[in-house]
Amino acid sequence: MQQLLPLVCHLWSLLSPILIGTNFSEWKEKVAFTLGVLDLDLALREEEPSQLTNDSTEEEKAFHKAWEKANRLSIMFLRMTIARNIKTSLPVAEKVKAYLAAIKERFKTADKFLAGKLMADLTTMKHDGTRSMHEHCIEMTNLAAKLKGLGMSVDDSFLVQFILNSLPPQYGPFQINYNAIVEKWTSIELANKLVQEESRLGREGIKVAHYVQGAGPKAAK
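Note that the sequence shown covers residues -21 to -1, 1 to 200 in mature numbering (1 follows the signal peptide of the UniProt record, and there is no 0).
A few of these clues could be false.
Said to hold, decoys possible - Result set (DSS-like, lysine-lysine): computed pairs, CA atoms no more than 27 Å apart in a straight line:
(1) K96 with K66
(2) K91 with K76
(3) K125 with K76
(4) K7 with K83
(5) K83 with K125
(6) K163 with K125
(7) K127 with K7
(8) K127 with K83
(9) K76 with K66
(10) K87 with K74
(11) K96 with K127
(12) K40 with K74
Hints are computed from structural coordinates only; laboratory data are not their basis.
Please read these numbers as outputs of a predicted model, since none were measured by experiment.
Put together the whole structure using the sequences plus the hints.
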């Protein structure tokens, strides 16, 4: 297995996302997982051991060797998953923790920009009838999950309100009913009930109108 490790690392690097600047959080999560699978995350999990001395035990020597190897290969792996134009702009680092910290600092501004865009999308999204209610709720839930990955957790009660605010006029009675009940639903419960409401409206022949932004309903000829 040790002889095959360089090849395995190379194959995993081909499967990992390439850091291009706007996907730092996703990239970091996946490369950390991959290094764990390869058992090369020791230098990320443990602090650098003290220098060996004549009094070092065999256990300390073995840990020192394993840490050095994990640190060296981790840096190599990270570099294989970074776009060339970004790689050349990063400082040289001898420790994988320091290298990862430098990358994080490099893309701190990009993450803030992305978080702002995702929050704007989440708070202004409207269901326009081009997709099912299930798909609509999943998309909004995914936006909330991406924000959490960027360090901006969206409370589930807020997500429920954002979904309710995104509903078209045909769901007016549904919203009134929700506001009238004492019980509060989770986002999952709300999504399930909206799917049921969509089915009910469909049986009654009520369709969700699809309006193009900036244009009203077409006049009958």
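Right, here's what the structure says about each hint:
1. K96 with K66: 26 Å, holds
2. K91 with K76: Roughly 22 Å separates the two Cα atoms, so the pair holds.
3. K125 with K76: 24 Å, holds
4. K7 with K83: 9 Å, holds
5. K83 with K125: 17 Å, holds
6. K163 with K125: 24 Å, holds
7. K127 with K7: Distance ~14 Å between K127 and K7 Cα, so the pair holds.
8. K127 with K83: Status holds; Cα separation ~16 Å.
9. K76 with K66: 16 Å, holds
10. K87 with K74: Holds, because 20 Å separates the two Cα atoms, which is no more than 27 Å.
11. K96 with K127: With a Cα-Cα distance of about 14 Å, the restraint between K96 and K127 holds, given a limit of 27 Å.
12. K40 with K74: 19 Å, holds
Hint violations for this structure: none, all hints satisfied.
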